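Novice: Sequences listed follow chains A and B, in order.
Sequential numbering of the first sequence, starting at 14, is according to the working numbering.
Sequential numbering of the second sequence, starting at 354, is according to the working numbering.
Hints are all accurate, no fakes.
Some, not all, of what chain B presents toward chain A, calculated at C-beta under 7 Å: (1) Q489; (2) L494; (3) L502; (4) E509; (5) M551; (6) S553; (7) D554; (8) F599; (9) G608.
Because the hints were derived from the structure by calculation, they are not lab data.
None of the values given here were measured: they were computed from a predicted structure.
No residue lacks a Cβ here, since even glycine has one placed at the ideal position from N, Cα and C.
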Amino acid sequence: MADATPAAANLFVETAEGPRLLGSRCATCQAPYFPSSAACHNPDCNHSDTQPVHFGPHGKLWSVTVQGYPPPPPVVAADPYRPYAVGLVDLEADGIRVIGRLLVEDPDSVTPGGPVELVLAPLGQDAEGRDVVSWQFKLG
Amino acid sequence: MSDVAVLGLGMHPWGKFPDKNLNSICRVAVEAALADADVKWNEVGAVAAASSRFSGGKGWGLNGNDIVEDMGSTGLPVYNLSAGCAAGANAFNVGHMMVASGAHDVVLVVGGEKMPKGFIQTSGLDDETDPEYLRQRCVGLPGPGFWALLTRQRMEEYGTSHEDLAAVAVKAHTVGTHNENARFRQLFSLEDVLNSNMVSDPLRLYEICPVSDGAAAVVLCSAEYARKKTTKPIWAASSAVATARFDDGLPRGLGCVPSPGRTHHSEARISVGKALDAAGVGPKDLDFVELQDNTVYYELAFPEEWGMCEPGESESLLHAGETLPTGRMPINPSGGFLCFGEATTAQGLFQICEVGWQLRGEAGERQVPDARIGMAQSIGLGGNGTAAVLKR
Chain A
14 MADATPAAAN LFVETAEGPR LLGSRCATCQ APYFPSSAAC HNPDCNHSDT QPVHFGPHGK
74 LWSVTVQGYP PPPPVVAADP YRPYAVGLVD LEADGIRVIG RLLVEDPDSV TPGGPVELVL
134 APLGQDAEGR DVVSWQFKLG
Chain B
354 MSDVAVLGLG MHPWGKFPDK NLNSICRVAV EAALADADVK WNEVGAVAAA SSRFSGGKGW
414 GLNGNDIVED MGSTGLPVYN LSAGCAAGAN AFNVGHMMVA SGAHDVVLVV GGEKMPKGFI
474 QTSGLDDETD PEYLRQRCVG LPGPGFWALL TRQRMEEYGT SHEDLAAVAV KAHTVGTHNE
534 NARFRQLFSL EDVLNSNMVS DPLRLYEICP VSDGAAAVVL CSAEYARKKT TKPIWAASSA
594 VATARFDDGL PRGLGCVPSP GRTHHSEARI SVGKALDAAG VGPKDLDFVE LQDNTVYYEL
654 AFPEEWGMCE PGESESLLHA GETLPTGRMP INPSGGFLCF GEATTAQGLF QICEVGWQLR
714 GEAGERQVPD ARIGMAQSIG LGGNGTAAVL KR
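Assemble the whole structure, with the sequences as input and the hints as a guide.
Specialist: Printed below as a string of structure tokens:
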């Protein structure tokens, strides 16, 4: 297996229970943030007190698109390019909506509304041939 | 606060001009606006300019300084405003405040941009503290993909069809064909649009706006100054700016908090609401609107989000011809971004020019009959939103 590198630092983690997103939540008003935020953004919250939390793994697909053309850098994709699906996912238990690529064989077949689960998987490879790993969602 | 008149309007047509430099494009717009206002350069008290990301400004967004160096270094103050695609309208807001406050009698507002070829990358940084960079690096979702996610959700919620989406583009070009400043003036059939390449499913090539070169300029002045120049001034009844709320359900970066009810661009809703309130009109009082149609989706969603019509009603209004200049709810009589393409930081000012020309009754075959109140609206990267209401 090729060496692997995260697409960016401090966004996800592999735990004993499986992959999770690294976020934060305001202890005062419970507003969730991904990536984690140093301050609470809620204008109605009168005491910002954000604490680190894990989000995921179960969510519901709110909307989906298929990226039909290769985007310019810093996007990482398969070479040669294959269109991939991107979803907006409601992690309903966490009260947050997050974006993520969908790990599916046939991107055009995906429709909104169904359950999805967080996974960590390569987006493609970097110039050194390393797998660039990010959070993604699989169906089911 | 004093009344603010929109005295001069000027534009360089939108297009691709590889043989022209940005200064020469901007100069056409500025000289046209000054001539339209019957104002000499040395009467301009201040300049508010859109900062470009892609051209001019010495790489620092100093595009207003480029204008002054080109037109004449009279010592006047220059404000360079950056707000992504809302930069031109943001500059308009600052120009409006400078006249309304009494700080200056005459202010020039200008935006011009030459765009690189092809699809642009939204983030200009390699910086893991920038949410826009992270969205591209960790997921890979350029602008059209973001619009596609919103469009697909509307299709789920309201049953909007591919034909409905394509009909927005057909209508835009039906109007834009009459605009000599628009870049894409050809007519499209429904089949033409539906047969164009899929870019970000469900959005096709003719349903999103490409990038263009262009420039537009506006002369704002006090009521007293306007009365010396014209008997029929156009008034900037309001100008408002806002940023997005954290809980509107649209992840500009990687995540967001969905609020109860419909998901929408809060920066647009907030700025439009402020502009309507300040102008003392309701959403249904508008005779027409120039809104930011980066994609056909916005022409369907925005009028509903702002209360111009009911949620889910836009498709039937479109098919009934009500969004044409002669309809009950005219949208983008200029032809909009779909016909102009996007010279990103200049967009907010081509909208102001169009609203002004419509209110003067100078819009020719795309004229909204007896237009008295019009609104211009833009949004930009970073959650920037703007709106302005003009009256005659």
